[in-house]
Amino acid sequence: MAGSFFKGRFLSLFDYKTEKYIIAKNKKVGVLYRLIQLSIIGYIIGWVFVSKKGYQETDTAIQSSVVTKLKGVSVTNTSESGRLVWGPEDYVIPPQGEAVLFVVTNFLETPNQKLGYCAESPKVLDGHCRDDEDCEEEKMVIAGNGIKSGRCLRKDENSTGTCEIYGWCPIERKFKPRKPLLLNAENFTIYIKNFILFPKFQFSKSNVLETSDDSFLKKCRFDEQLYPYCPIFRLGDITRRAGYNFQDMATFGGSIGILIEWDCDLDKGYSNCNPHYHFTRLDISNNSISTGFNFRHTRYFKNAAGESYRSLFKVYGVRFNIMVHGKAGMFSIIPTAINVGSGLALMGAGAFFCDMVLLYLMKKSNSYRERKFEGPK
Amino acid sequence: MAGSFFKGRFLSLFDYKTEKYIIAKNKKVGVLYRLIQLSIIGYIIGWVFVSKKGYQETDTAIQSSVVTKLKGVSVTNTSESGRLVWGPEDYVIPPQGEAVLFVVTNFLETPNQKLGYCAESPKVLDGHCRDDEDCEEEKMVIAGNGIKSGRCLRKDENSTGTCEIYGWCPIERKFKPRKPLLLNAENFTIYIKNFILFPKFQFSKSNVLETSDDSFLKKCRFDEQLYPYCPIFRLGDITRRAGYNFQDMATFGGSIGILIEWDCDLDKGYSNCNPHYHFTRLDISNNSISTGFNFRHTRYFKNAAGESYRSLFKVYGVRFNIMVHGKAGMFSIIPTAINVGSGLALMGAGAFFCDMVLLYLMKKSNSYRERKFEGPK
Amino acid sequence: MAGSFFKGRFLSLFDYKTEKYIIAKNKKVGVLYRLIQLSIIGYIIGWVFVSKKGYQETDTAIQSSVVTKLKGVSVTNTSESGRLVWGPEDYVIPPQGEAVLFVVTNFLETPNQKLGYCAESPKVLDGHCRDDEDCEEEKMVIAGNGIKSGRCLRKDENSTGTCEIYGWCPIERKFKPRKPLLLNAENFTIYIKNFILFPKFQFSKSNVLETSDDSFLKKCRFDEQLYPYCPIFRLGDITRRAGYNFQDMATFGGSIGILIEWDCDLDKGYSNCNPHYHFTRLDISNNSISTGFNFRHTRYFKNAAGESYRSLFKVYGVRFNIMVHGKAGMFSIIPTAINVGSGLALMGAGAFFCDMVLLYLMKKSNSYRERKFEGPK
Numbered sequence: 048m049a050g051s052f053f054k055g056r057f058l059s060l061f062d063y064k065t066e067k068y069i070i071a072k073n074k075k076v077g078v079l080y081r082l083i084q085l086s087i088i089g090y091i092i093g094w095v096f097v098s099k100k101g102y103q104e105t106d107t108a109i110q111s112s113v114v115t116k117l118k119g120v121s122v123t124n125t126s127e128s129g130r131l132v133w134g135p136e137d138y139v140i141p142p143q144g145e146a147v148l149f150v151v152t153n154f155l156e157t158p159n160q161k162l163g164y165c166a167e168s169p170k171v172l173d174g175h176c177r178d179d180e181d182c183e184e185e186k187m188v189i190a191g192n193g194i195k196s197g198r199c200l201r202k203d204e205n206s207t208g209t210c211e212i213y214g215w216c217p218i219e220r221k222f223k224p225r226k227p228l229l230l231n232a233e234n235f236t237i238y239i240k241n242f243i244l245f246p247k248f249q250f251s252k253s254n255v256l257e258t259s260d261d262s263f264l265k266k267c268r269f270d271e272q273l274y275p276y277c278p279i280f281r282l283g284d285i286t287r288r289a290g291y292n293f294q295d296m297a298t299f300g301g302s303i304g305i306l307i308e309w310d311c312d313l314d315k316g317y318s319n320c321n322p323h324y325h326f327t328r329l330d331i332s333n334n335s336i337s338t339g340f341n342f343r344h345t346r347y348f349k350n351a352a353g354e355s356y357r358s359l360f361k362v363y364g365v366r367f368n369i370m371v372h373g374k375a376g377m378f379s380i381i382p383t384a385i386n387v388g389s390g391l392a393l394m395g396a397g398a399f400f401c402d403m404v405l406l407y408l409m410k411k412s413n414s415y416r417e418r419k420f421e422g423p424k
Numbered sequence: 048m049a050g051s052f053f054k055g056r057f058l059s060l061f062d063y064k065t066e067k068y069i070i071a072k073n074k075k076v077g078v079l080y081r082l083i084q085l086s087i088i089g090y091i092i093g094w095v096f097v098s099k100k101g102y103q104e105t106d107t108a109i110q111s112s113v114v115t116k117l118k119g120v121s122v123t124n125t126s127e128s129g130r131l132v133w134g135p136e137d138y139v140i141p142p143q144g145e146a147v148l149f150v151v152t153n154f155l156e157t158p159n160q161k162l163g164y165c166a167e168s169p170k171v172l173d174g175h176c177r178d179d180e181d182c183e184e185e186k187m188v189i190a191g192n193g194i195k196s197g198r199c200l201r202k203d204e205n206s207t208g209t210c211e212i213y214g215w216c217p218i219e220r221k222f223k224p225r226k227p228l229l230l231n232a233e234n235f236t237i238y239i240k241n242f243i244l245f246p247k248f249q250f251s252k253s254n255v256l257e258t259s260d261d262s263f264l265k266k267c268r269f270d271e272q273l274y275p276y277c278p279i280f281r282l283g284d285i286t287r288r289a290g291y292n293f294q295d296m297a298t299f300g301g302s303i304g305i306l307i308e309w310d311c312d313l314d315k316g317y318s319n320c321n322p323h324y325h326f327t328r329l330d331i332s333n334n335s336i337s338t339g340f341n342f343r344h345t346r347y348f349k350n351a352a353g354e355s356y357r358s359l360f361k362v363y364g365v366r367f368n369i370m371v372h373g374k375a376g377m378f379s380i381i382p383t384a385i386n387v388g389s390g391l392a393l394m395g396a397g398a399f400f401c402d403m404v405l406l407y408l409m410k411k412s413n414s415y416r417e418r419k420f421e422g423p424k
Numbered sequence: 048m049a050g051s052f053f054k055g056r057f058l059s060l061f062d063y064k065t066e067k068y069i070i071a072k073n074k075k076v077g078v079l080y081r082l083i084q085l086s087i088i089g090y091i092i093g094w095v096f097v098s099k100k101g102y103q104e105t106d107t108a109i110q111s112s113v114v115t116k117l118k119g120v121s122v123t124n125t126s127e128s129g130r131l132v133w134g135p136e137d138y139v140i141p142p143q144g145e146a147v148l149f150v151v152t153n154f155l156e157t158p159n160q161k162l163g164y165c166a167e168s169p170k171v172l173d174g175h176c177r178d179d180e181d182c183e184e185e186k187m188v189i190a191g192n193g194i195k196s197g198r199c200l201r202k203d204e205n206s207t208g209t210c211e212i213y214g215w216c217p218i219e220r221k222f223k224p225r226k227p228l229l230l231n232a233e234n235f236t237i238y239i240k241n242f243i244l245f246p247k248f249q250f251s252k253s254n255v256l257e258t259s260d261d262s263f264l265k266k267c268r269f270d271e272q273l274y275p276y277c278p279i280f281r282l283g284d285i286t287r288r289a290g291y292n293f294q295d296m297a298t299f300g301g302s303i304g305i306l307i308e309w310d311c312d313l314d315k316g317y318s319n320c321n322p323h324y325h326f327t328r329l330d331i332s333n334n335s336i337s338t339g340f341n342f343r344h345t346r347y348f349k350n351a352a353g354e355s356y357r358s359l360f361k362v363y364g365v366r367f368n369i370m371v372h373g374k375a376g377m378f379s380i381i382p383t384a385i386n387v388g389s390g391l392a393l394m395g396a397g398a399f400f401c402d403m404v405l406l407y408l409m410k411k412s413n414s415y416r417e418r419k420f421e422g423p424k
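Each protein sequence line maps, in turn, to chains X, B and U. To convert, note that position 237 of the first sequence is 284 in this note's numbering; the numbers rise steadily by one, no gaps. To convert, note that position 208 of the second sequence is 255 in this note's numbering; the numbers rise steadily by one, no gaps. To convert, note that position 235 of the third sequence is 282 in this note's numbering; the numbers rise steadily by one, no gaps.
In isolation and in its complexed conformation, chain X is listed as follows (with noise of 0.2 Å):
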């Protein structure tokens, strides 16, 4: 009787007559016992031991490496580069093919630029001023760029001029974009290589799949069902994933994190050790989306005279911030014995629990007081 076995045997700690007694006389007791002893086991069973795996030994010392390779071309036309061909040498920067990397999707050159003397831009506010005294030589300009030569250049006399600097000159153009000047950039394709050890139990794994096709990297593109050993991404399907259109985050900037998740359990062989991909939008907090994201590079360059000149580059774009969790956990008798240990203490303390309802909270505990402590007469 399986039944009266169970009955039996958490009480038992205390007084096993007792129980029956109690059981048979108080019925809501023996209710919440059963209660207490089924929820233990079932957390037990089915928190520590299903859930959380508690029979395993678990490695979250993840190595990994991951190896990135952009493909595409996009061609530009404008006034200040004239026409141009994008390649992955130009518009993934940097181009080493790292976790971290910044896709140019807008541009603003300012090409030729020398060392010389010209007026500061009217955006920064230290360069302003209404005569020459207000430009301090040799005085930095704040937030600008460059040195002040002591010049107020204005228009005619009475008006708000900005202090003539030493610097790179031309100085930059305003510049408001507003389209993404590499149109094509949606159509980019994202290879994403990474490869996983796991150290504690000597297992690797690759998000690749391995195959003798050699063509078949060359023409699939990732598909959690059908294909999610070939980590090959169009750009604009990574943002739409993310929740959100690639030609708004490619007028301004913004920033994609694509994470990468190993949940392995390897009781259950290599082929169940997959990787999870998950894309978020990395610039925008509760309320609002951040204005974007540029920098600026230069190219320099030196004339017959052995003059320097640069070529200074706005790029906006969109940054891809690969990142790659996991855990692997494997049989291990050790936090098997460790965890049916503190089962058993746990229901020790079920036990002990349910002692003291019924000896202070119950209404009707004097009897079972006097029962168990006098023993049965």
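In short, the hints are calculated from the structure, not lab data. Any given hint could be a false lead.
Any copy will do: because identical chains look the same in the list, a pair fits if it lies in one copy or spans two.
Calculated lysine-lysine pairs in the DSSO-like style (CA-CA distance at most 27 Å, straight line) [as the list claims (entries may be wrong)]:
id : residue 1 : residue 2
1  : Lys-361   : Lys-223
2  : Lys-118   : Lys-240
3  : Lys-265   : Lys-226
4  : Lys-116   : Lys-170
5  : Lys-221   : Lys-202
6  : Lys-266   : Lys-186
7  : Lys-202   : Lys-161
8  : Lys-240   : Lys-361
Nothing here was measured: the structure is a model prediction, and the numbers come from that model.
With chain X fixed as given, assemble chains B and U onto it according to the hints.
Positioned in the frame of chain X, the structure of chains B and U alone reads:
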């Protein structure tokens, strides 16, 4: 009577009447009882629930995006490079606004290097020679700058010379920096934009004030009390907060860690989840400062004839490493239940411990044993 | 008599005399008792206190700074690039001494590319054509190098040709590397400077010997036994320690992980906290090696007329990824108290388990039950 209610509670597991008897007969043991009970209750309430917030589910898998932007210009004047204006596009390496960035504070340019033959630097041990036989042709100079041509260049027949090498000539000259050339670097400002996301709770926040006042972020400076949401720092202030003087670090270079900590109790609401900044110097061990931080980079040019030449820059500077840590907690029924259960288990253990003390360790335990095992007469 | 002292201890919770009786009557149950008691004590002392150092507070939030510096030169001689000397400023990408770095071991230069019209590479599937209609004007070539001009370039009318494109011409030629061009790369040395800080204990250390002997770090090589504080490694030794041959990796490229582990018991003092180095190949999964690691980067030039031209470099090489793990432990009263408490709780659970075994699982349990519930007659 709460007192007598408590008195009986914990020993009841073993013998309620005995407890009263013991406490009456043996005051010391009674005091020990109450101390153990109090410390267990104190531990559960104080440590588990108040200090460790045991009633909360926590998320430590913070996702974070860091974007940095520097502002400020500096002018240098050296014999090799002439008068140069340095903007963020030049002194920040890499320029793309990453979480690990290097700010140039000192440099040595070796302009117009061409591939050709010249003497190896006398600093390189393997380049020293006494005659041509020490300079075996086509052999690399170990830790040197090129490949030996087979000739030993000496002032006169008796002196020690250096091998002639094929490499980028002229070789970089010896350089022991005295003071930083980018004097103004202390006044550069760094704007650190940090977005965080706790995926488990779908909670995201930024360290930048959500304001419609555009000019606020143009003028403000970080202040823990006044402007905690203005993440714009003067470089000199950062090193000062880390406990070092910027000009000292700037000469030979160094490394600064900026830790942004988000310790969020989401039960207290959105506005109580705030970033905290910590600044530490990272290139200093218990006993000594390492001798700085520098590296070399190049700019390549071609002359009209298509021949390559380059400028070699040895740059010294300060590296900033922005790290983001964080965890968030929110009330959840499961950890609460688990911690209450473990607490009760610990109470049972406490009672067990008291019992053992009474049975074996106390001198008057004989009478207790008798009472416990014989039952009250 | 330690024996009898122990005998009585754990069962005492339930019935001291019964225990004696049981052990006398039932030898098997007595042996089980002692085994369980021993395993619990062994678990608490051996596992919790000795193996897991349960008496220590731990800090796993290690703060770390890694600086790398490479030394060595190599000479290459190719038809496209002529005779070139490669220094660290050229072959390390990025050059700023980061924890993730790429060392060029093989390359293909495509010099003097200009924007213009030429035939698409035959490797690009989308560039193949049979007549001009296949090459729709102004359309990008998918995964190609430019924008179609509308013409199909064929040898004769019947053959398959490739579309003419507008892009950087000439297109990079086909290149299947046979052996690494930077033959000497195996002998390059990498100097890894790692500073760590455990903020909770304000403990910091470096992996570099704190010495006043400047020449030591110029000559030494890492040796686990002799020079554990000389973190200078030959690249060939690193790949050998990871189990691979450098020259094999150098041809197509690869990825190596260098793990620095700081497992510090601060109770044992400063000199017992030492770094340990582990080397693993990161681009290899259970079954196969991926086909290498390469990327493209460019150098831009301008001729006297202001027209842009560039050199495109396809570089193959080995990527080194330096990861720092660590934890530190120090004696603290709180974890000690918690672990002692949990240990006692587990002992209680052990006694409970023994009781259950006796009551239900042993054959002779009837007599025990009688004795337990009826009391000794």
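Checked hints:
| no. | hint | result |
| --- | --- | --- |
| 1 | Lys-361 x Lys-223 | within (11 Å within a copy, 35 Å between copies) |
| 2 | Lys-118 x Lys-240 | within (14 Å within a copy, 29 Å between copies) |
| 3 | Lys-265 x Lys-226 | between (31 Å within a copy, 25 Å between copies) |
| 4 | Lys-116 x Lys-170 | between (38 Å within a copy, 17 Å between copies) |
| 5 | Lys-221 x Lys-202 | within (19 Å within a copy, 50 Å between copies) |
| 6 | Lys-266 x Lys-186 | between (58 Å within a copy, 19 Å between copies) |
| 7 | Lys-202 x Lys-161 | within (24 Å within a copy, 42 Å between copies) |
| 8 | Lys-240 x Lys-361 | between (30 Å within a copy, 19 Å between copies) |
Going through the hint list in order, the structure satisfies each hint without exception.
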